[in-house]
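Participant: Taking the hints as your guide, dock the two standalone chains into a single complex.
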Amino acid sequence: MKELIITSIAIGVKSLVFIIGMFLLAAYLTWIERKFAGHVQQRPGPLHVGWHGLLQPIADALKVLTKEDIVPQGVDRFLFYLASLLAFVPAIMILAVVPFGEPINIFGYEIKPYITDLNVGLILALAFGSISIYGVIFAGWASNSKYPMIGGLRKAAVLIGYEVALGFAMVGPIMQAGTFSLRGIVEAQQGLWFIIPNILGFIVILFAILAETGRTPFDVQEAEAELVSGYNTEYSAMKFGLFPLAEWYIATFVLSAIAVILFFGGWNGPHIFGALSPFIWFFLKLAMMFMFFLWVHWTLPRYRVDQITELAWKVMLPLSLVNILVVAIWIMIFG
Amino acid sequence: MVKVKYLERPKLTYKERIFFLDFIKGMKITIKNFFRKTITTAYPYEKLTPPKRFRGTHAHRVRDGKEPPSFNVLLKFMEIEEGESRCVACYMCQQACPMPTLFRIEAEQLPNGKKRVTKFDMNLLNCLYCGLCVDACPVDCIIMTDQYEGASYDRKGCVIHLDDMAERGRDFDNRRYNEPDRIWIDDKNREKLWGQIEWT
Numbered sequence: 001m002k003e004l005i006i007t008s009i010a011i012g013v014k015s016l017v018f019i020i021g022m023f024l025l026a027a028y029l030t031w032i033e034r035k036f037a038g039h040v041q042q043r044p045g046p047l048h049v050g051w052h053g054l055l056q057p058i059a060d061a062l063k064v065l066t067k068e069d070i071v072p073q074g075v076d077r078f079l080f081y082l083a084s085l086l087a088f089v090p091a092i093m094i095l096a097v098v099p100f101g102e103p104i105n106i107f108g109y110e111i112k113p114y115i116t117d118l119n120v121g122l123i124l125a126l127a128f129g130s131i132s133i134y135g136v137i138f139a140g141w142a143s144n145s146k147y148p149m150i151g152g153l154r155k156a157a158v159l160i161g162y163e164v165a166l167g168f169a170m171v172g173p174i175m176q177a178g179t180f181s182l183r184g185i186v187e188a189q190q191g192l193w194f195i196i197p198n199i200l201g202f203i204v205i206l207f208a209i210l211a212e213t214g215r216t217p218f219d220v221q222e223a224e225a226e227l228v229s230g231y232n233t234e235y236s237a238m239k240f241g242l243f244p245l246a247e248w249y250i251a252t253f254v255l256s257a258i259a260v261i262l263f264f265g266g267w268n269g270p271h272i273f274g275a276l277s278p279f280i281w282f283f284l285k286l287a288m289m290f291m292f293f294l295w296v297h298w299t300l301p302r303y304r305v306d307q308i309t310e311l312a313w314k315v316m317l318p319l320s321l322v323n324i325l326v327v328a329i330w331i332m333i334f335g
Numbered sequence: 001m002v003k004v005k006y007l008e009r010p011k012l013t014y015k016e017r018i019f020f021l022d023f024i025k026g027m028k029i030t031i032k033n034f035f036r037k038t039i040t041t042a043y044p045y046e047k048l049t050p051p052k053r054f055r056g057t058h059a060h061r062v063r064d065g066k067e068p069p070s071f072n073v074l075l076k077f078m079e080i081e082e083g084e085s086r087c088v089a090c091y092m093c094q095q096a097c098p099m100p101t102l103f104r105i106e107a108e109q110l111p112n113g114k115k116r117v118t119k120f121d122m123n124l125l126n127c128l129y130c131g132l133c134v135d136a137c138p139v140d141c142i143i144m145t146d147q148y149e150g151a152s153y154d155r156k157g158c159v160i161h162l163d164d165m166a167e168r169g170r171d172f173d174n175r176r177y178n179e180p181d182r183i184w185i186d187d188k189n190r191e192k193l194w195g196q197i198e199w200t
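Chains as they are written, first to last, in the numbering used here: chain A, 1 to 335; chain B, 1 to 200.
Chain B on its own, in the form it takes in the complex (with noise of 0.2 Å):
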C-alpha cells in the first residue's frame, strides 16, 4: 500500500493577498532580466564549438602512428598506406549499432593476399548517435566529431563515405588532438554560481 502524504497549500497572509506581493516578486525579476544582456548566440552567424565529446557527424582516423597496439597487430593482414583510413573492415561498428542496416561495409582481398577497404557508407538518416560504434571499434578508428551540421537538400547528401569520413578524422584530429578530454569548461561564473567541486 503506498502512503500518500497530503500537503496543504500554504495560506496566503492577508498582506499578500491585499497588495499582490507575488505579482510584485515576480515583476522585480522580469525586470532585472530586462536590463540584463541577452544570453543567445545569433546562430547562422556566431556558432558555438561543442565539447570534445561532442556526438557529432562520424570520423575516420587515419593511419598517422598514433594507433593503439591493436592496430599494430592487424596491419600485418591489411593493405592500408600511411595517412589513410585506420578502418579494418572488423564490422564490430556495425555489430554494436541498434540500427545495423545503415552500414555498408565491404572489402576486398588483394592479389598479395592482404585486405583492403573498398566500401564504408553510412546512412545518418537512420543514425540516433548514440557513440556506440565509436566504443565497440578495436583499432580506435571510428570517431564522432564536434560537426553538427548535417542537414542536406536530399537523402544522398545524409550518407557519408570512406573518403569523406578520413578526411573529416584528419580535420578533427589536427584540431582537437591535443584538447583535454572534458564535458564542462571551468569558469569563473559557474564556480560563483555554484561553488567549487571538492574530490575526497
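Bound conformation, chain A alone (with noise of 0.2 Å):
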C-alpha cells in the first residue's frame, strides 16, 4: 500500500514536470519556428521584445489569455469546448510513453526520465495520436460554420489515409526490436540504428508525421487561401491559441521524438558528454528532427486535397509494406 502511494505521488509529480515542461518549450519552440521563417524569408523574425525576441512567447500567451473569448452563435457549446481539449490532451498525453534516457542515479535515488515503460507503449502512442483528431474533427463540426466544417473533413480525409500507413511502416523497427515498448526498441539499436533497413519505413513517417501534425505539404485543414483559417476559424483567445499549439509544437515534438527512437536509436551515442550524454544525443536528434519538419514547412506549397489522400493510398501503403518484406528479408539474413 504504501508503495502504491509513493509510485503514484512521484508519476504525479513526474506528469507535472512533463506537462509544464512541455509547456515551457511549445511556447519557445514557437519562437524558434518564426526565428526560422523569418531567416528563411531573410527577414529575422521577432526582434524587440527581449534579447532576439526571446521573451516573444512569453508576451504571446499574455496577449492570448487575455483576448475577449468569443464563443459564436449557434455553436454546439459542449463540443465546441471539448474539442479544443481533444485537440490538446491527446498530443499530450503520449508524452506519457516517451521515454527521454536511461534512468540516472542521483544521490543514491534511481531518476526514471520517462513517466511509465509499458509494453504497448508504441500502440499507445498510437491511439493517442488518433484521438487527437476527433478534436479537430469535432472543432469543425461543433463551428456550425462552412470552413471549419471543410477544414475538419479534410483533417478525417487525410488521416484516415496516413494513419494507416504510419502503423504499418511502425512495423519495421518493431519486428527488429521485437517489442512495443519504446525503451525496448532503443535498447535494440544499441549496434546500428534502425534507419538502415528501415529507410522506405522512415520516408512513410515522414509524411505520415507531416499529414499528421498539418505541417505544409499536408496543411489542407487550415489552407489559409482556401478556408480562412480551416477548422479553428470560430474560436478566439485562448482555445484558439491551444490549436497550433497541440499541431504545430506539442504533436510534431513528440511524433519526432517517437521516429528518433525508431529510427535514429533514441539516446544511443558516444558517452562523450559525461552522465548527461543520453539526454544531450537525444535532444540534438529530436532538434535535428524538428528542425527538418521547420524546414519543410516553410519551403513547400500545399498540395491538393486528393493529391494528398492519393499519395497515402498509392504511394505511401505500398511503401511501408515494402518495408515490412525488406525488413522481414534483413532478419532472416542477418537474424
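Wrong hints could be hidden among the right ones.
In silico DSS-like pairs for lysine-lysine, Cα to Cα no more than 27 Å straight-line [said to hold, decoys possible]:
no.	chain 1	residue 1	chain 2	residue 2
1	A	67	A	146
2	B	37	B	47
3	B	25	A	314
4	B	37	A	35
5	A	35	B	28
6	A	112	A	14
7	B	192	B	28
8	B	188	B	37
9	A	35	B	32
10	B	192	B	32
11	B	192	B	47
12	B	25	B	15
13	A	14	A	2
14	B	3	B	15
15	B	156	B	47
16	B	76	B	115
17	A	35	B	47
18	B	52	B	66
19	A	35	B	25
20	B	119	B	66
21	A	35	A	63
22	B	37	B	15
23	B	15	A	314
24	B	11	A	314
From the derived model, a few chain B residues whose C-beta atoms are all more than 10 Å from chain A [as the list claims (entries may be wrong)]:
no.	residue
25	29
26	36
27	37
28	42
29	46
30	98
31	121
32	124
I should point out that these hints are in silico values taken from the structure, not numbers from a laboratory. In this text, a Cβ means the ideal position worked out from N, Cα and C, and glycines have one as well.
Facilitator: The structure is reproduced here in C-alpha cells:
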C-alpha cells in the first residue's frame, strides 16, 4: 500500500514536470519556428521583445490569455469546448510513453526520465495520436460554419490514409526490436540504428508526421487561402491558441521524438558528454528532426486534397508494406 | 475569334517522381536563404531616405533667388518678402487636383494694391499624392518632399498650412536641392545582378 502511494505521488510529480516542461518548450518552439521562418525569408523574425525576441512567447501567451473569448451563436457549446481540449490533451498524453533517456542515479535515488515504460507503449502513442484527430473534427462540426466544417472533413480524410501508413511503417522497427516498448526499441539499437533496413519506413513516417501535424505540404485542414483558417476559424483567445500549440508544436515534437526513437537509436551515442550524454544525444537528434519539419514547412507549397489522399493510399501504404518485406528479409539474413 | 493555345503540363520523369527532386531543389533554396543576411530595416529605429523624386508630404518653396522667370513677372503684383512662401495664389494646383476640395486657398488685396496670400491649407486626408499639383504650379512653389510619416492622432493633424509648408520646403531644399534628380541609385549590386544599362 505504502509503495503504491509513493509510486503514484512520484508519477504525479513527474507528469506535472513533463506537462509544465512541455508547455514551456512548446512556447519556445513557437519562437524557434518564427525565427526559422523569418530567416528563411531573409527577415529577422521577432527581435524587440527581449534579446532577439526571447520574451516574445511570454508576451504572446499573455496576449492570447487576456483576449476576449467569443463563442459564436449557433455553435454546439459542449463539443465546441471539448474540441479544444481534445486536440490538446491527447497530443500531450503521448509524452506518457516517450522515454527521454536511461534511468540515472542521483544521490542514491534512481530517477527515470520517462513517466511509464509500457510494453504496449507504441500502440498507446498511436492510439492517442488518433484521438487527437477528434479534436479537429469536433471543432469543424461544432463551429456551425462552412469553412471549419470543410477543414475538419479534409483533416479526417487525410488522417484516415496516413494513420494506416504510419502504423504499417512502424512495424519494421517493432519486428527488429521484438517489442512495443519504446525503451526496448532503443535498447535494441545499441549496435546499428534501425534506419538502415527501414529507410522506406522512415520516409513514410516523415510524410505521415507532416500529414498528422498538419504541416505545410499537407496543411489542407487550415489552408489559409481557401478556408480562412480552417477548422479553428470560429475560435478565439486561448481556445484558438491551443490548436496550433497542440498540432504544430507539441504533436510535431512528440512524434519527432517517436521517430528518433524508432529510427535513430533514441539516446544511443558515444558517451562523450559524461553522465548527461544520453539526454544530449536524444535532444540533439530531436532538435534536428524538428528543424527538418520546420524546413519542409517553410519551403513547400500545399498539395491538393485529392493528391494527398492519393499519395497516402497509392504510394505510402505500398511503400510501408515493401518496408515490412525488406525488414523481414533483413531479419532472415542477419538474424 | 480568340485562338487558344493549349499547353501540356510537363510530365515528371520517374527519377523526379521517386526522389522528390523538386522538394530537394526548393529546400536547397530555403537553406541558402537561411544563412544569408537579412535584408529588412528595423523601421522605427532605422529609416530609409527615399529618392528625391519621392512623393511625400507637400511643401512650399520659398523666395530665395532661385525662382523661375515666371515668378519674377508676377512678383510686381505680389507682397512676398525674402524667405517667405513663393505662392502667388493662382489656384492652378486646385484646378489640377483630382480632389479640388482638399485645398483652401485665400488671398487679400493690400492697401498698396498688391496681393498677399493669407491662407493655403491642404487636407491631406483626401490627398492621393498623385503630384499633379506639383506639375501645375507656374512658379515652382508647391513641391513634394521625402517625408512620409504623415500619420496623426486626430484629423486636425493631417491638415497642412502655409507656414509649416514653407518651413518644410526650406528644410527640403537645404538638404537635397543640389542632389541630382534620379530615381534609382545605381549600385554595384544591381550592376552585378542585371548588368549595365546601354544607351544608343
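Participant: Evaluate each hint against the coordinates.
Facilitator: Verification of the hints:
no. : hint           : in the structure
1   : A:67 <-> A:146 : holds (24 Å)
2   : B:37 <-> B:47  : holds (18 Å)
3   : B:25 <-> A:314 : holds (24 Å)
4   : B:37 <-> A:35  : holds (13 Å)
5   : A:35 <-> B:28  : holds (18 Å)
6   : A:112 <-> A:14 : holds (9 Å)
7   : B:192 <-> B:28 : holds (22 Å)
8   : B:188 <-> B:37 : holds (17 Å)
9   : A:35 <-> B:32  : holds (15 Å)
10  : B:192 <-> B:32 : holds (19 Å)
11  : B:192 <-> B:47 : holds (26 Å)
12  : B:25 <-> B:15  : holds (14 Å)
13  : A:14 <-> A:2   : holds (18 Å)
14  : B:3 <-> B:15   : violated (36 Å)
15  : B:156 <-> B:47 : holds (25 Å)
16  : B:76 <-> B:115 : holds (10 Å)
17  : A:35 <-> B:47  : holds (23 Å)
18  : B:52 <-> B:66  : holds (18 Å)
19  : A:35 <-> B:25  : holds (22 Å)
20  : B:119 <-> B:66 : holds (23 Å)
21  : A:35 <-> A:63  : holds (19 Å)
22  : B:37 <-> B:15  : violated (34 Å)
23  : B:15 <-> A:314 : holds (18 Å)
24  : B:11 <-> A:314 : holds (19 Å)
25  : 29             : violated (8 Å)
26  : 36             : violated (6 Å)
27  : 37             : violated (8 Å)
28  : 42             : violated (7 Å)
29  : 46             : holds (12 Å)
30  : 98             : holds (35 Å)
31  : 121            : holds (38 Å)
32  : 124            : holds (30 Å)
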